[in-house]
Amino acid sequence: MTAVEVSGLGKEYVTREGLRRRRLHAVDDVSFDLVPGRTVALVGESGSGKSTIAKLLTRLERPSSGAIHVRRGDGTPVSAKEYRRHVQMVFQDPFASLNPFHSIEHHIARPLRIHHRTRGAAETRERVLQMLERVNLTPAESFLHRRPHELSGGQRQRVAIARALAPGAQVLIADEPVSMLDVSIRLGVLNLLARLQREDDLAVLYITHDLATARHFSDEILVLYRGRIVERGPADAVILDPHHDYTKLLAMAAPDPERVGKVVAGEIAFDRSRIDNTTCYDHARGEWVGSAVPAGV
Amino acid sequence: MTTSRRPVLTVDGLSVVYETESPVHAVSDASFELGAGEILGLAGESGCGKTTLAYAINRLHRPPARIAGGQVLFHDASGETIDVLGLAPDALRRFRWSKLSMVFQGAMNALNPVTSIRAQLHDTIRAHRPRTSRAEAERRSIEVLERVGVDPARIGSFPHELSGGMRQRVMIAMAMILEPQVMIMDEPTTALDVVVQRDILREIVRLKDELDFAVIFITHDLPLLLEISDRIAIMLQGRIVELDAADRLYRDAAHPYTRKLLGSFPSLSGSRGDFIRTGVMADETPGGAS
Amino acid sequence: MRFLLRKLAFYAIALWAALTINFALPRLLPGNPVDILLAKLQQRGGAVSDDTRRAYALLLGGDDQTPLLQQYVDYLGNLLRGDLGVSVSYYPAQVTDVISTSLAWTIALVGIATVLAAILGVVLGALAGWRPGSWLDSLVPATTLLSAVPYFWLALLLVYLLSLQLGLLPGSGGYNVVLTPGWNWPFISSTIQYGFLPALTIVIASVGGWLLGMRNMMVSTLSEDYIMTARAKGLPERQILMRYAARNAVLPSVAGFAISLGFVVSGSVITEQVFSYPGIGSKLLAAVTNNDYALMQGVFLYITLAVLGANLVVDLLYGLIDPRTRKG
Amino acid sequence: APGGDSGATASDADTLITVGGQGDMQINFNPFSPSSIGGVGTIYEPLFFINKVGDAEPEPLLGVDQSWNEDGTVYTVTVRDDVTWSDGEPFTAADVAFTFSMLKDNPSINNIGFDGEVAADGDSVAFTFDSPSYVKGPDILNTVIVPEHLWADVSPTEFLDEQPVGTGAFELADFKPQAFTLAANPDYWGGEPELKAIRYISLSGNQAQADALAAGTIDWQTSPVPDIQNVPDRYPGYVNVTANQNQTVLASCASAEMGCSGPQTDPAVRQALSLAINRDQVNALAFQNTSTDISPTFVLLANQEQWISPSVVDPVVPTTPQADQARALLEGAGWALGGDGIYAKDGERLSLGVEVVTGWTDYITTIDTIAAQAREAGIEVVPVQSSWNEWTDKKQRGNFELAIDSLAQGPAPDPYYVYNNFFATTVPVGESSGNNFSRYADPDVSAAVEALQALAFDDTAAREPLMATIQDRIVADLPYIPVLTAGTSSQWNVAKFDGWPTDDDLYAFPAVWSRLDSAEVFKKLSPTGE
Amino acid sequence: MTNITPRVEPDITESTRTLALQASGRGKRPPRSAWRLMLPTPTPWLVLGLVLAAVIALFGILGPLLVTDPTTIRDIGMTPPSGEHLLGTTQTGQDVLAQLAYATRGSLQIGLLVGVLATVLSLVFGIYGAYRGGLVDEGFSLLSNVFLVIPGLPLVIVIAGFVPREARGWWTIAIVLAITGWAAASRVLRAQTLSIRSRDYVAAARVSGERSWRVITVEILPNLLPVIASQFVGAVIAAILAEAGLAFIGLGASNSATLGTMLFYAQNGFALSLGAWWWFVPPGLIIALFGMGLALINFSIDEVIDPKLKDVRLHRRRAQRARRLERTNRS
Ligand SMILES: Nc1ncnc2c1ncn2[C@@H]1O[C@H](COP(=O)(O)OP(=O)(O)OP(=O)(O)O)[C@@H](O)[C@H]1O
Ligand SMILES: Nc1ncnc2c1ncn2[C@@H]1O[C@H](COP(=O)(O)OP(=O)(O)OP(=O)(O)O)[C@@H](O)[C@H]1O
Ligand SMILES: [Mg+2]
Ligand SMILES: [Mg+2]
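Listed in order, the protein sequences are those of chains A, B, C, D and E.
Numbered as in my numbering, the first sequence ends at 297 without a single skipped number.
Numbered as in my numbering, the second sequence ends at 290 without a single skipped number.
Numbered as in my numbering, the third sequence ends at 328 without a single skipped number.
Numbered as in my numbering, the fourth sequence ends at 530 without a single skipped number.
Numbered as in my numbering, the fifth sequence ends at 331 without a single skipped number.
Since the hints were made in silico from the structure, they are not lab data.
All residues carry an ideal CB built from backbone N, CA and C; glycine is no exception.
Hints are supplied without guarantee of correctness; some may be wrong.
Below, a sample of chain E positions facing chain D; criterion: calculated Cβ distance under 8 Å [stated by the list, open to error]:
#, residue
1, Thr72
2, Ile73
3, Gly77
4, Thr79
5, Gln91
6, Gly93
7, Gly250
8, Gln267
9, Gly269
10, Ser273
With the hints as constraints, model all of the structure from the sequences given.
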């Protein structure tokens, strides 16, 4: 059982515009834990730094500050070499995350071979079929030699999940895994993820900007705004009882069928310049943490 | 279901076929009426023919698409009824935008990247009112930009200098610059952030209330449609399977597909819909079928 | 501004690279050009003083005493002073003098022909792409033959047919030599008459590339959303074609224009030879056949300078027509 | 003066158009500069004109009389006294003396190697040498004279002479990089020529010249044209005249003592190769049948035949191949036929590389043809193409087996010059050989050539035995394998001008690039008015 | 030298997918193999291109085995085509057809070698640079841009002028042409690699633990194949043309027969002036036709790279049908 402890994570991008350099804190002092069997949801608007955290966790980028500790169930740290066996990722766009050139088998077999999970072609094939069946791609044989473009979006995302789990990953980072899918199949994929999590006791980081699924799919929600966490706590608490202005804004902006015909021109627009990201409301502790606790709360 | 208001647009038995090797009936026998000042939502999953329908109404479909049958009638405020599908090319050109304008699915790319916002607003006016003076065109452009909440100072900007939300607003400004009676909006907010999307929706509703144009609003985000539309049409494989007032559709949808669609959206504040986190899965679609 | 600086910096680097290639070539390649050059110079009656030897050693290498870096600095210094050495085949004329007269001819010929070919190709390409499937469009693949024809072969055939057989146009030279060069009509009309065939060759051989590129770009552009918007806006077709489709589709062609100049200059070196055109290409070939290394290097530098200059101009103009690049 | 309008004085009908150069021309009328673009003979005149294709009698120009003293050490030339430079200054004997001392002072332009003393005295000039020097007379007579009053202060090696002032029948009228025009000198001492202007235009390459001829835009050119035998039909109004002066040879690096290596150091191989050549075929394929017979003595058959010694058995090389004889000769010299049809000796195949300059297509064709012919005689010939520089360098240093080239004639029609240049003095391989790149060395030949220098050209009795000695030896040794005497073909416009040289009256060598000769032709031309 | 086609830079990353959609849109099962998808669809123009290129290539490969010795000299100079000499003879009675066969082989050899070398260079500088990013990419892309603006042929001429003749074998020429000819391809490849590199499947491969070289060769390269093929084909045409130009001005490979040297000799032998078209026209025509064949192949590869082009062609006839049907519907 693998757990991840993220502490004080920060990522700074230096963008160059001609001769001038600009620093951009994409992620700033973010801490959380991923524990087996639990799902943490990361919500926030576009550009708030969600994917950056995912990239840091999967070591596609190096953090500028802070640390990510991955430990086995017995507490021993996972070495850099084994890191990717333990932490895997599902990408947002199933049309882009599978190489159109390779067969489905290739996509799932490669991680197995890289991490020496199987020996010999036969065993690999066997395991690939097994993985396909686990993600409900049946009959598995018929998928082996297909190319990604012969699959629907939902099927592709299942392949992506199978690929992520193939090396025996215990920690799964899912970066908006369903936002590119058709509405009617989104839940299918999320249900599948939930089942796999139960079966394998996975630690899951679910990145989304859809508050509704975040609420139902996760145990804990982290609200990210401009690289910093501004509110955290149990899923229902954060959604149903938002404290931070930004969370309120998000909750209000999310479409809710319960408000049939409710969008009226008079709805007050939020003054976003007032929102600040240096404070954070922690539902677990029931208090504000951070530099400045806003008055009147 | 017909509308109680005065109709501005009647679509009757419209069918569109893509003449590919095996012809695709993208829209089959679609009929509906759009009332003045009404927002009609059009929902359905990807590929059900929403965009095709929108294009066909304005005859913007390009070969190999062809209108295989049906009628599109535009009931002008002047009382005249225009048979859109029968318009001669030049009359069609004049009809477009002045009576019926559109905001497109890919609105992010709907602005010409190499000319300024000003030029694109101006040429819209000039194309339909050739005698408009420069100053008049400028005045009108600034007016509509202000309406949609874009700083008129940005009128000289090029599209790439604007954020996605601003570009979308400019598109909406452009769509109303000739004060059309109908606007078709094809997923105008899908590419945008939830918060920005909200702002724009609010803007659309407000403008509609002020200017009293009718809107056909296309999206696959059913919860969103429920919030803003008067009536909603559900499309499935090119057919309109259900058309009803928004609240009635939400509370007791007649068609099973509508119910399935509704079930796909877990509610923010209410129940989980078809989402099952723990326990046995009832609706995990087996693979194989795409 | 930043955009401008970046561009200028790039061209400075490109120029420096060209100068350095020029410096390195004779030093890297086998053989000792200095000896050949000096022998030839002597043969031509040149007095070979130590200064002369050193000047050539700087230009061409072969000086073993001076450290390479020092040679390089001195070489650049000489170039800065416009000292490219003495041409052996035109001894005792300076290389710069030998080249300066011919440069204008090449620039005029290649410039005009390239512009014509580009305009023609872009216009035809735009029309073909605007109505894909029209008769014009179906001819597009056939134009590939034109771009695959060897320039000089085509030139010779044209001379044979149009000049020798039909006597329509002069087949060699840059102008009627009876006339006095200058800004007078008889001379200018004669340069046009003499330049017609070489220009025609260049146009024929390069128009296909422009046409194909523009046509493909046009097809791509037509499926862009803003074209659909323009249609929906009820704009007149002409305006959509010109201001929306072609205006956007032409951008890669403009960007490619400068680069293609380099290619056309290359092609014209041989074309000039066929037409005895008084341009810089014939100078280069004369230099090579005479082993006039100083002249060879000088011509290469001048051509490079001209092409870099043209590139810079086009790059800067490109900023005007594509607002997106201005941001840098 | 340059820039003047040539059209004002000369109409098209009395302007002759010919080839001046390739590409843009760079102004340079310094007659001693190798990059000079013109003016020799036309603007600047020599003392006498010697017709290399006629008899050796010099024709007076600036000089009116010339004679050697008794022992051949002093050469006296009397100059014309009614001549003025084109700037109005009088021409005097002092100008002549100045010109020659200038040459002596500037070795790099002293192409004639003048090493005597020169002194002017009234209207005569005396050239004094240390030893008898009859053979140097023609070089002196051929040298053009420049005005002292303008040249005294310039560096003659770097002087561009943009406004030439001469005594000749023509003056520079107008210079443009693509063409320059000479106009008739109205004050010429011989009377104003009838030809009013000569325009030299720039044309690059043989094809361009042939095209110009076909288009009738050029009146005189010297270069091969297609279908040379039918010039009057193909180019109406033009005739072709061919003068055979270039003795084409396969020069060998002949002397093993001097360090040459390869099968060609064996005289039998050289003889055999010569026998194997089908000269008729070479003439037809490579030279459009414009070449003529060649003598193994290298005496020009056209106008020097009298110098061939009766002791030479075959005064003319047979034009048909004798492969059998060649084989017999080789076998006699110890060569044995190998399995591949090529002779070999001591493990060395009889394979000969022939150096040729890239682009000299007639020579390349010659070698290709000879290669096919030599194979019949069991000899392999391989063409080796290189640039002119490398070709020259290989010849100079002796790094070659065979090289195709032509033997240059001297300043006067006499075989002495060929013998002196190509057969007399030698240096080892590796050193620069000068003219005699075959490195042929024979003491008898060298002695005979030296003896010839002290004899006047008309001293037939004394010269004949020496000639016999030289010719017997070189015909036997054959360091240069004679191929053919190549023709120099010129085409000119007989419709527009009268007075051209003809085969019967070849008063000058008819090549436009041979400037002293073409200057003579210009003076004799008269427009027909067409 | 040919001019370059100002190249559209389509989104290569989308192309496979779009092609598959097109294939399924035609009611067929999309082909199983990705390789098959990357093959251009057979159109009459492509067939013509393939036939031209193949026939000429075969002529170059097999021709020399079938013809007589091209160096054989005969007394019959410049004879027009006849039963004995199908393409007549040269000035020295050499069989033109035989020379043509050998010359074609020579030109193909050079074109192929240059194509391979230039492609390898452009792969290294374009793909590797773009994949690594950062300073490596900056440096490589600067280098290729510099090489792009420095005019190639004059440089080649200058280099050829310096290289001693005997060292100027055909492979020397090929190397020089490759060095001056890789830059344009490298720029195109770089742009495409940059866009593929940002695709999620590359990130996914890295997350799976693939090594860099495997990511480049297995994940990125195959998707670039159509572009590489197109650049390669372009490089071959350019090289053959450039070599012909060099040979024509006497700077070609020494002692080797190419179409350029053949033209050089034909020109020096006054082939055209004498009306000996059979000597002058065929070499140029072979270059032009071979170039055309390759360019037509490229024309079809363009459709693979940018499926919109294919769309246009596919829809051409259907669009006409749709228009006709619509018109009859209305009336
Ligand atoms: N490689 C990079 N270089 C520079 N800036 C970057 C880079 N990657 C991301 N950023 C910036 O970092 C910020 C956070 O980006 P990130 O992709 O994490 O946002 P996100 O929350 O995933 O947004 P979205 O919901 O649109 O996916 C953005 O402002 C983005 O522009
Ligand atoms: N150019 C075309 N050629 C052939 N078929 C087409 C073409 N364009 C669309 N189609 C088909 O027509 C049907 C309807 O497409 P349409 O774009 O109208 O769907 P949509 O409802 O707008 O989908 P989305 O929500 O993805 O925008 C689809 O099945 C699609 O595959
Ligand atoms: Mg993201
Ligand atoms: Mg759509």
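Now for the hints, and whether the structure bears them out:
no., hint, verdict
1, Thr72, "holds (7 Å)"
2, Ile73, "holds (5 Å)"
3, Gly77, "holds (6 Å)"
4, Thr79, "violated (13 Å)"
5, Gln91, "holds (7 Å)"
6, Gly93, "holds (7 Å)"
7, Gly250, "holds (5 Å)"
8, Gln267, "holds (6 Å)"
9, Gly269, "holds (7 Å)"
10, Ser273, "holds (4 Å)"
When held up to the earlier numbered hints, the structure conflicts with hint 4 and nothing else.
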